[in-house]
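Residue numbers (the working numbering), protein chains in the order written: chain A, 748 to 1031; chain B, 748 to 1031; chain C, 748 to 1031; chain D, 748 to 1031.
Derived from the structure by calculation, the hints contain no laboratory data.
Note that this is a predicted model, so its numbers are computed, not measured.
The beta-carbon is built from N, C-alpha and C at its ideal position, and this holds for glycine as well.
Hints are not guaranteed to be accurate.
Partial selection, computed: residues in chain B whose CB lies under 8 Å from chain D [claimed, not checked]:
1) Leu850
2) Trp854
3) Ser858
4) Asp860
5) Arg862
6) Ala863
7) Gln1002
There are 4 protein chains.
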Amino acid sequence: MNSRGRLLVSCPDRPGIVAAISTFLFERGANIVHSDQHSTDPFGGRFFLRVEFELPGLSQRVEELEREFSRIAVRYRMDFRISLADVKKRLAVFASREDHGLLELLWQQRSGDLRADIAMVISNHEATGDLVEPWNVAFHHIPVTPNTRLEAEQRQLTLVSGGVDLIVLARYMQILSPAFVESWRNRIINIHHSFLPAFVGANPYAQAADRGVKLIGATAHYVTIELDAGPIIEQDVYRVDHRFTTRDLRRVGRQIERSVLARAVTWHVEDRIIVDGNKTIVFD
Amino acid sequence: MNSRGRLLVSCPDRPGIVAAISTFLFERGANIVHSDQHSTDPFGGRFFLRVEFELPGLSQRVEELEREFSRIAVRYRMDFRISLADVKKRLAVFASREDHGLLELLWQQRSGDLRADIAMVISNHEATGDLVEPWNVAFHHIPVTPNTRLEAEQRQLTLVSGGVDLIVLARYMQILSPAFVESWRNRIINIHHSFLPAFVGANPYAQAADRGVKLIGATAHYVTIELDAGPIIEQDVYRVDHRFTTRDLRRVGRQIERSVLARAVTWHVEDRIIVDGNKTIVFD
Amino acid sequence: MNSRGRLLVSCPDRPGIVAAISTFLFERGANIVHSDQHSTDPFGGRFFLRVEFELPGLSQRVEELEREFSRIAVRYRMDFRISLADVKKRLAVFASREDHGLLELLWQQRSGDLRADIAMVISNHEATGDLVEPWNVAFHHIPVTPNTRLEAEQRQLTLVSGGVDLIVLARYMQILSPAFVESWRNRIINIHHSFLPAFVGANPYAQAADRGVKLIGATAHYVTIELDAGPIIEQDVYRVDHRFTTRDLRRVGRQIERSVLARAVTWHVEDRIIVDGNKTIVFD
Amino acid sequence: MNSRGRLLVSCPDRPGIVAAISTFLFERGANIVHSDQHSTDPFGGRFFLRVEFELPGLSQRVEELEREFSRIAVRYRMDFRISLADVKKRLAVFASREDHGLLELLWQQRSGDLRADIAMVISNHEATGDLVEPWNVAFHHIPVTPNTRLEAEQRQLTLVSGGVDLIVLARYMQILSPAFVESWRNRIINIHHSFLPAFVGANPYAQAADRGVKLIGATAHYVTIELDAGPIIEQDVYRVDHRFTTRDLRRVGRQIERSVLARAVTWHVEDRIIVDGNKTIVFD
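Bound-form chain A, shown alone (with noise of 0.2 Å):
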């Protein structure tokens, strides 16, 4: 169709945005089909919205409708990004040994559930590429050691440069480096298994087994420089007991991963969400 937009925008609240934002497309032709607004305050506030609109001939117009619309955006102060719905994001996956994650998004993939393309698997085992190969889907192995880590890096951010959009961690154990993650703000989302902030770091079912905890969480957040504390997409639960083994937890625990990952990865790729600060609105 190529005739469906999205509209994100985010800037300070104050009276007449919605009414420049709606008067603007319809003035275009454009129909506004779902439309999700938020304001941390309406009196001071931080104001924003997602608007999904039908409009012909779209496709060859983009340019020109966010030339126009920054006529708005400059007036409120907006930050604000226009995409074409049927252009699907394309992802580059970082797997390691754990390969559920991995599994689940070519699945989902696959379903059409996930609309997006998965461009690239990385992994630091080659083993994954037996898993990957019935997919048809490219795929990269890595080796990390902690005498070429930077190299790796340097090799990872090359594959992904140029036409990947998302790197999903899809249970990746490697730390990345600063200037990596600060290159990819906002566009690396890490599964953690445990429900953050409980539980940051290594072995979190350990961690966890330890404690005593009734419920056992996953944890979907974009990754920032200080480890596990990125702004939080979705989490989930499911409740254990005493009988609980660690195997018990880590055989539970891989279905929420699954679920709160693919969760996370299809909210992203469908401009569901917007971060402000080290939170995010998610307009599911």
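Following the hints, put chains B, C and D in place on chain A, whose structure we already have.
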């Protein structure tokens, strides 16, 4: 404050609605505080909107605003209503022997979580009066027998006419006559102790135990002439297993019923529900 | 190891059962590793027990143990079975166009979360074969038309006879004949995409959308002659609202179906389920 | 009836424990009504058991039974206790300004869902007395200031000594001294309004809002000297999103706190909890 208003709109969807409404509000100096909208289908479907806005001096201008908005409403074939957020809705709670739903409402009203006035409690059990007494709420004991049903209804209708906005059947085990139900269309909320449409009618917990379900539910819905078949407002469930006796199901069920009923009533009194045929749009 | 065994017992409840069984096991050198029991009513009800135990050399002694235990079983009118924990159950998965349930089982089997062998996949759609191929599992394409139904069943029965312990209907949209169902009593698990008993039969998501429910469910149950009415093994739900299209319901539903089906199959192959009339006792 | 008893056992795991206990009970004419057991590791781990049994005339024979059981207990190095199911535990509820936890306990006690006696309510706020009054429960107003803390504790200890089985801190915002805590080890339950170990300490809702979590939780735990670090009994969560204000979080949180606290107290008074180091075994 008396400057906070809510506008609810429902009409056939077509381009320009949001522009028209937001421009209308902006031109009158109103600041949109929250806004939610929904379209069953942007092409030929139905459009629903809830706007919460700030307009200084609104309480003096409601009728004027309604008159002015009527012009837009006619053009777009809208049903609409404008209400003052600070004018609390008045409830009549119909109760019977099982009093947990009633208590939850009294309690949430007192804590401020439920922003409504409980104008009266009507029960066919005299003992309910003792419970209500410390809460300083008008209590009416109206016994119901097969022979006195219509007479009892007449007394109930007299009590609620003039001043009551919503009737809540908090496990009121009597069936209201079609005439009563019709005259209070979409203004009677019932709590049913099952996940409807499973286990319609009497003794849903016994039915659930018989069927061996693994989740126990509760459903709040608007009352229609057909038993337990009205528009569903809210539902929730709790996990059970073979060890749950009927007594356990009742105990757990009471907890779910309380919270489901309280959420449904809260949404109603905050003008968050629009009924669309036999379904509800809940802007929560 | 081959020393881990499971004993399942079901009998009229009366004093002394646990003492008899635990003494029996202790005298033979068995160490109880897990034990779960349930009584529908300690006075005149029915008693159920699942014991997992370690007994060195068990694999050589199972028949002897059964023979010896028979004496206790006769005295207490017990149904019982002893199984070796390390002997994996063999599954036949019947699938159709919707393949998410099948994929989940293949996947969990590979990850080790589902400790079973998938002996074969049978589908009335040839395309399922492409999906199964990389998993190295026997695939049989058996088309079903109204005229060939019984012939198809005959082929299926031949395939599963001798070596298959459990048939899983992973969204297999065909109805099996009463004779088939009877001969595999309590050994066929079906996944139904609703919270039964709500929305029995075809198109439960459409039924759910029509009714306007606020939670979407899935139910795994043993197949009986009456459609969607067999003993429920597991159920789960996911919260939905007015914004969910039928496509969204299907997407979310797939996730619930997958996890509910996988849990039910896991419990079956780990001998955790005892059927009691039309209900299940699940020692999870 | 006074014939229903509960036996709780904890000891090093080894073969023969269940046989010894069940034979002991059988020989004395006891009928096992429920039984739950758990082993942290059948080889060298710790074994836990809860048995509920019927034994006519038990109330006259408890001490005799304990004496006789001691012989088994010595042999297996067991900690054990036998209690009469019909002897209600006596609670002292410590409350403060936030009274929802207190009200929930009063209410569940009245409805019979919580089978315990609320012997007294102690609050540092005089106004709590008005709330408690209609429930016919002893109320003690004990103000706490930095200077009078120890004196206040002394009064509290005097009140609870002799007759109180469990202290419930129902959002009692004062920290008890280590000496107090130690002398009531595993007999003080606190409700914390976060999913521990996330958001230890003051203002967990503000902390949660700051961190942008997507689920709000509550945790009931036994109080130990280290703040919010004692054995967790029960936890639950509720889904929230960017639209929840701090007021909304509080409102939703109150609901979770109430049910989590009530479940924890119920399990304690029904002898369903065994503390194992810093964890709990809950035989629910």
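Hints, one by one, checked against the model:
1. Interface restraint check: Leu850 of chain B against chain D, minimum CB-CB distance 6 Å, threshold 8 Å, status holds.
2. The beta carbon of Trp854 of chain B comes within 6 Å of a beta carbon in chain D, closer than 8 Å, and the hint placing it at the interface holds.
3. Annotation: interface hint on Ser858 of chain B holds; nearest CB of chain D at approximately 7 Å, less than 8 Å.
4. For Asp860 of chain B, the interface hint holds, the least distance from its beta-carbon to any beta-carbon of chain D being 5 Å, beneath 8 Å.
5. Annotation: Arg862 of chain B was flagged as interfacial toward chain D, and the flag is violated, the nearest CB pair being 11 Å apart, outside 8 Å.
6. Checking Ala863 of chain B against chain D: minimum C-beta separation of about 14 Å lies over 8 Å; hint violated.
7. At its closest, the beta carbon of Gln1002 of chain B sits 6 Å from a beta carbon of chain D; the interface hint therefore holds under the 8 Å criterion.
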